[in-house]
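Asker: As you go down the protein sequences, you meet chains A and B in turn.
Residue 86 in our numbering is what sits at position 86 of the first sequence, and the numbering runs on without skipping anything.
Residue 276 in our numbering is what sits at position 276 of the second sequence, and the numbering runs on without skipping anything.
Where hints are given, some of them may not hold.
Covered stretches of chain A (in silico footprint by chain B; criterion: 3 or more residues with CB under 8 Å from a CB of chain B, positions within the stretch not fixed) [said to hold, decoys possible]:
1) 43-56
2) 135-141
3) 182-193
Simulated from the structure, these hints should not be mistaken for lab results.
Please read these numbers as outputs of a predicted model, since none were measured by experiment.
Note that CB positions come from ideal geometry on N, CA and C, so glycine has one too.
Protein chains: 2
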Amino acid sequence: MSVASQYYPNEPTVPVVQTSAIPGPESVKGLEALGKVFDARPAYFLADYEKSLGNYIVDADGNSYLDLYAQIASIALGYNNPKLIEAAKSPEMIRALVDRPALGNFPSRDLEPILKKILKFAPKGQDKVWSGLSGADANELAFKAAFMYYRSKERGYHKEFSTEENTSVMRNAEPGSPHLAVLSFKKAFHGRLFASGSVTCSKPIHKLDFPAFEWPHAEYPHYQYPLAENEAANRAEDDRCLKIVEDLIKSWSIPVAALIIEPIQSEGGDNHASKYFLQALRDLTSKLGVVYIIDEVQTGVGATGKAWCHEWADIQPPVDLVTFSKKFQSAGYFFHDTLFVPNKPYRQFNTWCGEPARMIIAGAIAQEVQEKNLLEQCSRVGDYLFAKLEALRSKYPQKFQRLRGQSRGTFIAWDLPTGAERDALLKSLKLNGCNVGGCAELSVRLRPTLTFEEKHADIFIEALAKSVSEL
Amino acid sequence: MSVASQYYPNEPTVPVVQTSAIPGPESVKGLEALGKVFDARPAYFLADYEKSLGNYIVDADGNSYLDLYAQIASIALGYNNPKLIEAAKSPEMIRALVDRPALGNFPSRDLEPILKKILKFAPKGQDKVWSGLSGADANELAFKAAFMYYRSKERGYHKEFSTEENTSVMRNAEPGSPHLAVLSFKKAFHGRLFASGSVTCSKPIHKLDFPAFEWPHAEYPHYQYPLAENEAANRAEDDRCLKIVEDLIKSWSIPVAALIIEPIQSEGGDNHASKYFLQALRDLTSKLGVVYIIDEVQTGVGATGKAWCHEWADIQPPVDLVTFSKKFQSAGYFFHDTLFVPNKPYRQFNTWCGEPARMIIAGAIAQEVQEKNLLEQCSRVGDYLFAKLEALRSKYPQKFQRLRGQSRGTFIAWDLPTGAERDALLKSLKLNGCNVGGCAELSVRLRPTLTFEEKHADIFIEALAKSVSEL
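My request is simple: use the sequences and hints to build the entire structure.
Answerer: What follows is the structure, encoded as C-alpha cells:
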C-alpha cells in the first residue's frame, strides 16, 4: 500500500471545485469578516483545515483542491497527518504548549531527546543545532553566529572584549558594533526583517521604506535549459558569477564576514545553482575567510529528493551554517565547527531559545521521512512528474520554457512567456482543482508534500493539460 | 476558594529543596548531556515540567521552588494550568499544530474567532492587531509598520512608488531603502535581532560584534525613591530626559521615524517612567510627527495590575503601536489607526504571519484573566507583598534600596548595594526554595504568575528574610 494510502485511507481521489469563482461565496464572506481584524488581502480563499486531508486542501465553500503549494512549501506530510496528530496529543506537546520554558535558563528534561531527533536529520557534515522561530529568524541567528565567529577569529576566541568595545557598542558604534557585511545574491529571498531583509533581493515590495544595511548582492547564475545541452554556456555563467562574488568580497567598502545562498533560489524564480558553483563558493569563502551559509528554508526537508538540497553538491569541506524552517516547522541553523559556539554564554540567547512545540513536530517529521523512505519516494515521483511535464513541453514549448528541477524530486518549475499568462494559468489551475503557486515574474513552482504520489501527479497533469490548452 | 486552589488543588504548600547545591546532581548530569547538543551554560537547573504545578517549578532532583521568575516573566497562569491544558487539547490546537497555515494566503476558519479573543484583551484605545513570533519579532514588525506609515505620510498614502525607489531598494540604497531611525533609551531592552538589537541598550554582551543601525538612545528617567517623598526632584528628572529626547529627535543625523519605550525598563533594571513622562512623550511625538511605540513585552498581561502597564498613564490620544509577547505567549503589536495598515498587501507579510498555536493559548489566557478577575487579584497581592517588603526595608535599609513597584501589582524590584550581594541573595533564595531573577547590575525583580497569592507571598517573605539575614 502506498504511503499516502497508509496515512490517508480516506483521502479524496479527485479534486472537486463546485463554485464558479475562487474564492467562492462562503470564502468571500469569511474573508470580509476576517479583513476587519487581519490583513486578508493576500488570501486566496478561507481554508477549512478540519476537512483538509493528505494532499487535498478544502476551502470554506467545500471546494477540495489537490495542493501543490502546501502553505508556501511548508507542509511536509500532508494535512491532518495521523503521526503528527499523535505527536500533537503527546504529553510532551501539552507541556511544551502550557509550560513554555525559557530553554536557555530552565531547559526541560524533554529537550535533549527532541534535539537528538532533529540532529538525526541534520545535513551531512553538520552535528550541532541552534533553534529559532522562522526562516528570517533562523537566518539572522546564523548571521549573529557568523559575526561572532568572524570577530573572534580576528580577536582571538578567548580574548576579552576591550573597554572601547564595551563602551562603543552601547552607542551602536565601532569597534563594539563593527561594520561588517553579509553578501547575498540578486533575486535572493532570506526573510523580511531588517538584516534578513538586507540580504533579500527578489522584489521591491518586500523591502520598500525599510532601512537596510549597505550589504552587497552578487549575481546568481542564470542557466540555459535543458542543462545537458548547455554545459559550456552554463559553466561560463558560473565562472562569470564567481568572479563577481570574489570581486565584491575583495572590494566592498565593508568587510564581508559571511555569504548566504539558497541552493535553489525559490521565491526569486527557482534558479538552480550547480554543484560546481556551490563547491567553488566553498573554495572561495575558505580562501577569503568568509563564513559560508546555506539557506535551506524552502529547499530543505526532502522535496528535492535529498533531506537537504545542497547535499546534491556534496560540498567539501562542509559549509559552515545551514538554516532551516518551513517544512521542518521548527527553525534554526545546523553547524559543526565548535568555534561557532560563542566564547561566552548569553551571546546567542533570548527568552525562549526556540519553540519546543514545533521542535516536537520537527522530530516527528524527521522520523516519518526516514521510516517511510520519503526521500526515495519523492525522487521517484519527481522523475515521473518531470517526464510528464517534458511531454507537455514538447506539445506546448512556449508554455513550458526553461523547465527546471530534473532529478530534484518534485522541486520543479518552469516559465510562461509573460506574467499575465502565468497568473492566468495559476487561476485556471485552481478552477480545475489544483492549488499551485508562482514565483518571480514568470514561473510556476511545484511544492507538493512528501506524500505526493504518481496518482496525484496524474491528476495534476490532467488538470494542467486542460488549463494550458485553454490559455 | 482562591483562584490558585481552584486551578491547583494539589499545589505544594511549601517549597522543598533537598540538594545541598543547585543545580543538584541529577540536573548537573542532565545539563552535561544537554550541553553536547545545546548551549546549556546559562541553565540554572534542568526543569521537570511534568511535576511542576501552579506557582511551583520542580527540577530534575525533585527540588520544588516557589517560582517568582516564571520563565523570565513569561508564564501567566502557573504550571500545568488546567484551562490551558484544555486549550492545548482542543481540536483547533491539533489543527494549528499539524496543519500550520500560511495565515496570509490560506487563513483558517479558526483565525477570526481567535483574533477576536485576543483583541478583547487589547490595551485601551487599540482595536487592531498584527501577529509575530517573539518580542524581538514583534518590535521589528512594529518598526516596519512605523517606517511604512512615516514614509507614506511623506509620500501620500495612495501614491505609487517611484521608479527610483523601486530600483534603489534592490541595492539597499536611498530612497527605496531610506535612512530612518528609531529612538530608544539607554538601558532599554527590545530584543536581540539586528534592528531590535540596535534599540537595545542594557548590556554589551547582548550586542557585541553585531553590526547595528546608527540609531540614538535618549536618557530614561532615574527616580529617587520613595516617589512620594521626591516629587520635585523626579519631575525635574523627567524634564531633563524629555529635553534630551526632543534634542535628539531634532538633531540626529538620520530622521527619527519612531520612538520605542518600555513603561518599565525591565531587563535594564526595573526603571519606571511616570505618567507625566509617558504623556509628555505622546505630546512630543505628535508634535514632531514621530510614531510612538510602547513595548509591553515584559510589562504586559496583568502583572502590574492592569492588562497593560501603560494603561496606568492613560495616555491621550493613545499611543500608536503596542508590542507584546512573553506572558501572552503569542506576539505582535496592537494599533488603532487604519493608516498603519500598509497601502498594499504583501508589505507586512511572511510565510506564517504568526503562530496559531500560541494565539490559541493567548486567547485562553486572556479569557482566564478576565473571568477570574486576575488583575484585581494581582493588585491586591502586590500591595500585600509590597507592604511586607517595606517592613523588611525598615529592618535592612541597605539591602532594600530604591524599592520600586508600589501600586504596580507584583511587578516589584529593589537594589542591593553591590552586584555580588545581589547575586548572593538570588543564590541563597534558591537554596531557601524561591526561584527569583535579577536585572541590571544591582536589582532583584519579582515576576510571579498572576495566580500568585498572599499565601505564596508569605512563603517568599519568610525565605527572603532568612536569606537577607544570612547575607
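Asker: The structure should be examined with respect to each hint, and the outcome stated for every one.
Answerer: Hint-by-hint comparison with the structure:
1. Here the stretch 43-56 of chain A counts 9 residues with a CB under 8 Å from a CB of chain B, which clears the bar of 3, and the coverage holds.
2. Using a Cβ-Cβ cut-off of 8 Å, 4 residues of the stretch 135-141 of chain A lie near chain B, which meets the minimum of three, so the contact claim holds.
3. Taking a C-beta to C-beta cut-off of 8 Å, the stretch 182-193 of chain A contributes 4 residues in contact with chain B, enough for the three needed, and the coverage statement holds.
In this structure, none of the earlier numbered hints is contradicted; all agree with it.
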